[in-house]
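Below, each chain spelled out in residue letters.
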Amino acid sequence: MNANDPQFALSCPIPVSDYPTVLLAHGGGGKLMHQLIEKMFVTAFANPLLESRHDGAVINLLRKDERGPFRLAFTTDSYVVHPLFFPGGDIATLAINGTVNDLAMCGARPMYLSAGFILEEGLPMETLWRVVQSMRQAADAAGVQVVTGDTKVVDRGKGDGIFINTAGVGMVEHELGISPANVQPGDVLLLSGDIGRHGIAIMAVREGLEFESAIESDCAPLASLVLALLDAGIAVRCLRDLTRGGLASALVEISEAARLDIQIEETTIPVREDVQGACEILGFDPLYVANEGRFVAFISASDADRALTILRAHPLGTGACAIGNVSMVNDRSHPGLVTMKSKIGAIRIIDMMSGEQLPRIC
Amino acid sequence: MKFIDEYRDRQAAEQFSRAIAATAKRSWTLMEVCGGQTHSIVKFGVDELLPKEVTLVHGPGCPVCVTPVELIEKAIEIASRPEVIFCSFGDMLRVPAHVGDGHETPMDLLSVKAQGGDVRIVYSPLDAVQIARKNPARQVVFFAVGFETTAPANAMAVFQAYQQGISNFSLLVSHVLVPPAMEAILSSPDNRVQGFLAAGHVCTVMGYTEYEPIAEKYHVPIVVTGFEPVDILQGIFLCVKQLEEGRAAVENQYARSVRRAGNRAAQQIIQEVFRVIPRKWRGVGEIPRSGLGLQEKYREYDAEVRFGVAEHTTEESSECIAGLVLRGIRKPHECLAFGAHCTPERPLGAPMVSSEGACAAYYRYRRLSCRD
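Going line by line, the protein sequences match chains A and B.
Mapping the first sequence onto our numbering, position 176 (from 1) lands on 176, and the numbers just tick up by one.
Mapping the second sequence onto our numbering, position 33 (from 1) lands on 33, and the numbers just tick up by one.
For the record, the hints were derived by calculation from the structure and aren't laboratory data.
On a predicted model such as this, the values are computed, not experimentally measured, just so you know.
Don't take each hint at face value.
Think about it this way: if two alpha-carbon atoms lie no more than 30 Å apart in a straight line, the pair counts; the simulated BS3-like pairs of lysine-lysine are [unchecked claim]: (1) A:K341 x B:K134; (2) B:K25 x B:K2; (3) A:K341 x B:K241; (4) A:K341 x B:K331; (5) A:K341 x B:K25; (6) B:K2 x B:K43; (7) A:K341 x B:K297.
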């Protein structure tokens with residue numbers, strides 16, 4: 001999506017012209033969602049912090065005393081998962097870890113969260129209690145506190161049990177600039193573990209697909225893993241957690257924002273056999289399946305081996321691996337292209353999904 | 001993973017690649033019939049492992065792509081009714097009805113859903129029968145799209161609904177058959193195809209006896225082929241070998257799944273519920289005896305009859321060259337609209353919609369080399 005392309009030129013009053021109504025695919029993490037964000041939200045709220053296209057905003061705050069300026073990371077996310085409880089997690093662990101992870105991807109130490117609840121009339125109090133207890137445990141595990149909140153109740157039928165919004169702030173305690181703009185040719189891509197588990201776990205419950213053993217979501221707080229890299233002085237250039245849209249969408253976003261090419265190798269990307277099997281049955285590509293406890297790190301080549309050792313020593317990063325690297329843009333007509341060497345050794349483009357991944361006919 | 005890893009193995013792929021290069025002395029144009037094969041070829045880059053003598057063209061075997069516009073419009077009309085629960089496989093939902101006619105808003109089944117229609121993705125037509133059973137006050141319609149591969153399950157859905165007296169279930173049928181399409185391609189004056197990779201899954205159901213007279217009549221080798229990269233390379237090797245030796249036989253590369261007679265039980269249920277009829281193919285036109293419609297006995301399960309849309313017809317856009325792509329005469333990137341004003345977000349024609357569609361496969365995996 002090139003903003004200078006006449007096809008995507010901004011126009012008033014409604015800049016999103018392809019569809020007159022919102023489709024589910026506008027929230028699917030693919031191209032339609034990115035067009036919506038670029039054309040409507042970024043246009044409306046235009047400011048330099050938003051322009052960085054990062055998981056959160058890193059704000060420079062000035063103190064009047066001798067301690068000088070400090071940096072604060074700020075982010076928000078909403079959670080609308082169905083079902084509320086699934087193998088490996090629930091809406092509560094997503095709501096805490098999702099926001100914690102967005103802060104971690106800014107290189108921040110997550111500290112304080114807010115929690116907004118939109119509850120549907122008729123929701124069993126016991127369900128709400130279960131969610132709140134789980135949030136408390138997840139917050140403890142991630143080392144954050146929920147310090148403010150809000151509650152709204154909507155008419156029965158106008159919500160899906162519980163919607164949760166969390167916002168969070170964290171301290172940036174290092175001097176690095178961590179964002180797509182700092183990615184450089186030669187950087188190495190590290191992936192923190194196997195991909196696709198969260199999306200398949202949800203899909204399996206939602207669609208009643210049964211496997212020999214339940215596939216559990218990878219939902220986890222990633223801050224301690226990221227801070228281990230930063231505390232060791234690793235030259236981290238950019239971090240991105242893999243959520244909706246999967247590894248592929250994250251890489252395309254960064255490649256386009258950084259205006260650099262990315263090359264990855266399919267054989268280096270770990271996918272568990274049960275996840276692979278489910279993807280084969282449904283016609284899904286694991287590269288596009290959602291994760292909730294995985295990230296990619298762009299690391300200066302000279303630090304890559306050391307970073308990998310640090311990741312692998314952490315319980316959440318035992319499966320970490322190097323999956324590719326960054327190079328100058330090869331084709332000037334494109335802002336940055338992700339390519340992958342396939343298992344049989346040929347090269348193909350990795351693009352963003354248009355909307356949601358739809359199961360194929362045969 | 002068993003049955004996956006060994007067929008995506010780089011060494012095995014390179015071995016067949018070398019064997020093809022050593023065998024091909026002249027230039028040959030082969031067509032892979034099935035959209036699933038096209039998807040694999042482009043996704044794994046199988047064609048990059050082929051010598052310049054071998055050209056692959058992509059056949060009409062994507063069920064989404066060959067479903068005519070008027071059926072999409074019928075689906076939209078039916079799905080928009082308040083009493084209807086419209087069930088479909090996922091990738092039919094984004095196929096646009098108004099193709100290249102200047103409409104500002106593409107109208108597809110996803111838009112129907114956004115405007116309040118009850119459109120649901122199902123994984124099996126039998127799920128739709130279950131939905132009908134649980135919602136006796138609603139009309140449940142399943143969009144029965146596909147080749148011989150999906151026909152048995154769709155037939156079974158109607159058969160079960162009939163047996164169990166579920167009267168609020170019906171099928172919007174858009175079934176097409178592979179052999180008549182192959183004959184249409186072979187008998188066309190601008191045909192370039194010299195050999196076929198037949199669709200492994202279709203042959204799993206139907207067997208391959210019906211291809212034997214085609215191979216003989218048109219003197220064209222036909223190799224029943226699977227869907228993994230090594231399958232496809234082996235299929236190409238067998239096909240090129242036949243061409244170089246001047247033979248034109250039906251061979252079975254996909255023996256781990258396909259038997260000559262096919263799956264008899266599946267064929268029986270197809271014959272019980274469906275009959276062979278002429279069908280329109282998007283971009284190709286009507287081909288005699290090329291599709292399936294419901295038998296008279298099951299006429300009441302025909303959604304076109306039930307909702308009175310049978311007479312609806314639509315002319316197709318002249319801008320989209322889908323027909324030429326589907327017949328293997330043009331490659332997707334030879335279309336002026338490709339990647340410019342036809343993209344997966346805003347498709348002009350169906351091959352840009354489904355992941356099995358040749359245009360979408362090229363767009364997603366191939367824009368780089370297409371520009372060269």
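Unsatisfied constraints (hint numbers, rising): Checked against the structure, the hints that fail are numbers 1, 2 and 7, while the rest are satisfied.
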